[in-house]
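Whenever a hint applies, use it, and build me the whole structure from the sequences.
Protein chains in written order, with this note's numbering: chain A, 1 to 333; chain B, 1 to 378; chain C, 1 to 170.
Everything labelled a hint here was simulated from the structure, so no lab data went into it. All of these numbers come straight from a predicted model, not from anything done at the bench. There's no promise every hint is true.
[Claimed, not checked] Below, a sample of chain B positions facing chain C; criterion: calculated Cβ distance under 8 Å:
no.: 1; residue: 161
no.: 2; residue: 201
no.: 3; residue: 202
Every residue gets a Cβ at the ideal spot worked out from N, C-alpha and C, and that includes glycine.
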Amino acid sequence: MYEWLLGTGMSQSLANIIMGVLKSLIIIVFLAVSALILVLMERKVAGRIQNRPGPNRLGPGGMFQTFADAIKLVSKEDVVPSGADKAVYILAPLVIFAASVALWVVIPFGPNLVVQDLNIGLIYLAAVTGINVLAFLMAGWSSNNKWSLIGSMRSAAQLVSYEIPLVLTLVAVGMMAGSLRLGDVVAAQQGGIQNWFVFPQIIGFIVFVVAGMAEANRKPFDLPEGESELVAGYNTEYSGFRWAVFFLAEYANLIVFSALATTFFLGGPSGPLLPPIVWFFIKTYAVIFVTMWIGWTLPRIRIDHLMNLGWYVLIPLALINLGWTGLYVLWRG
Amino acid sequence: MAKTSDVLGEQQLGVPAEQELFINMGPQHPSTHGVLRVLLKVDGEVVTDAKADIGYLHRCFEKIAERRTVTQVIPYTDRTDYLAAITSEWAFVMAAERLMDVEVPERAEYIRVIVGELQRIASHLLWFGTFALDLGATTVFLYAFREREKLLDIFQKLTGARMLYNYLRIGGARNDLYDGFADDVRRFLDDLEDRLHEYHTLFTGNRIFESRVKGIGVLSAEDAIKYGASGPVIRGSGVPYDVRKAHPYSVYHRFDFGIPIGKDGDVYSRYLVRMQEFYESIGIVRQALDQIPAGDFIGKVPRRMRLEGDAYARVESPRGEVGVYIVGRGEENAWRVHYRSPCFTHLQLLGPLGVGGLVADMVAVIGSIDIVMGEVDR
Amino acid sequence: MWQGLLTFLNALRTALIGMGITIRNFFSPTVTIEYPEQQLDVPLGFRGLPVLLSDDEGNLKCVSCQLCARACPVDCIEIQDHRDPETRRKVVDVFNLDSTWCMYCGLCVEACPFDALAMSDHFELASYDMPSLVYTKEQLAEIGRRAITPTVNIRETQNFGIKTGGGDPR
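Written as structure tokens, this is what we have:
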């Protein structure tokens, strides 16, 4: 594609810009479609777990339910509360959406199927996930609602604390691969299931899943919105399209987390027979299913227990994992 | 911009200290079980003061009861504690019977015990589900409702309604047990025992759940007595007070059942007490089904029921002690009806139990005292 | 920290046990009744809309004695009649039942000494306008005529209801 653009006599910088726009469009469309699929999947999984069929009215097996929901949300009135800080209030959904899209830049869907394989991919991921906190704080603060405020304070505390174990496990993965580039991480796990990082990194994997679910605000770590406590947390005042963007970003975060777990621990797009991108999605959706399964089983954790879990358990575990990884890498030579 | 919650908060709870703020929990809040409004003063997430604001569901039940004949009041009593309609009816009917010296046939008493205990199971199932929902376990909620629906089907076959039964009458019950009732109930109880085991494995044993409820909202036995608590709330604090044993009514003295009591008086103890009461109720229903005699389901009652004098009756509802006091002055309608509801009393515990905990603990406390706003406001 | 670790491991263990139960339910059949395609069988004696019953010739059994209206706790029954000059019997002109007030307690049926009223299995009462929720004599009688269960001796059999087989009279 890039070569073809150059072949038409285009200057290199213009071709770069067109490629960039195309790639980001693909990513955004991919995220929107994934979110639609995930909403349906979530409701179906929840329904089956709770002995009910889930959405089943629109289309075969309720397939078009989320489209109907999306149309409803987009066509709703755009409400900004009277006491809200309007600029920040409007900006918050955009920030969170931009952050979750930006994460996709470095994730390899398959060999050469990556927007930009940065050589500091891991650091880039850690940096961009930090932006979410900002968006939650903006949403909670600008809404002029006390529940929103508490929700955003919770999310700030939660996301900041859980970023540390998350990054520490990423460091261990980087040590295993000997590189911070995600392409290299995947390359290091080639050649069969025994080379997946999940086995030497089992502690890291558990820490990553727990911390990642907390980062993605999944049940049972959905404290920032904790429905039965905080009404809806940081997005209490949001409705219609803005709420839909929050919703979209939440599912985008979930799929990012699952894609990362796949890339770092489950061999990424590698696998026999099927094309790599299919393997990538099979593994990603398997991880998503497990998070949903966990989420619909457990009660919500309390905020102080969450903090204790993060600081007293996950961070020490991640550090232990880091030490073990060092020894392992030394032993492996 | 001054918010109404701030104005009202200062009136009710005083001026907040620095870094404290008022929060309106309800009347529109997912876990206040209807239209309860709790005014919270919080420091960060720690509740420093709390006050329940009630009255959103007031329907003048007691006043209406003065303008209707006794039979006409029975459907209204359903609507006080709408999750345990039978026990609300029972208290009212029993008070009216005492007032008029109406004899209740033995079979009718057994029918009342059976439906009353089934009602306790239905109500506890709903409490279990909503309590789990308050703690964020959505799935448990639907499992509990799955079982409750089966019980409501039995109630529907027996009384014709699923929720507001209007089943008990002065002197007995509206109609006799239908053929096959005992089989339906036995099958349901067997199934329920399996399901209870499932609930315990899924929910009670869960570590997250334990850490959410242990040591939260501790109510000492002295305080429980001082506040006039009853039902599972006082038993959770270790006081073995149960109207069915302390002031036996109907035919309860013939059954062998225990009073589960808790050790610590926290949310967990109250939870365990209610979960144990499932088994006690199952036992009582089984014994009653075995022993139920033949006979009339309704006794001889005067055609025109004139109320003269006064009478008080209390029953053990799933939520605690329900008492009805009726004063009559020789007319068909009562001169005054007073309804003592356990939830109203328990609601006063919100402050003492919730203060010092987090907002999330407040939710657990509200769930653990199992309020029904229809009964609080009447 | 070791305390925390142990708790964490315990939480993981109990979470796995719980997940075992949820996955078992995941693969077990659903319990949902997909209303309105599927409908539960409404048992005899169900307390739906109170309806008027007719005798074998199709005349209303109601003699306008007003006992049901008096038994009603919410006064939702309105009866008007006139006396037939020839037979000297009361003829019901108006029998309106306001279903917005009715609380389906069934006391009217219990009060009726002529088995002229019964609780039907008719429960789909939703409507787009309020006036159509007041059921007239003709509408109530029509549902009553559709009764597919024996309706005699309501008080003796202690079945205060009838089955009509559904359908909306409006």
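Hint check:
Look at residue 161 of chain B: its Cβ gets to within about 5 Å of chain C, closer than 8 Å, so that hint holds up. Using the Cβ-Cβ criterion of 8 Å, the hint placing residue 201 of chain B at the interface with chain C is satisfied: the shortest such distance is roughly 6 Å. With a cut of 8 Å, the hint placing residue 202 of chain B at the interface with chain C holds, because the nearest CB-to-CB distance is about 5 Å.
Of the numbered hints given earlier, the model fails none.
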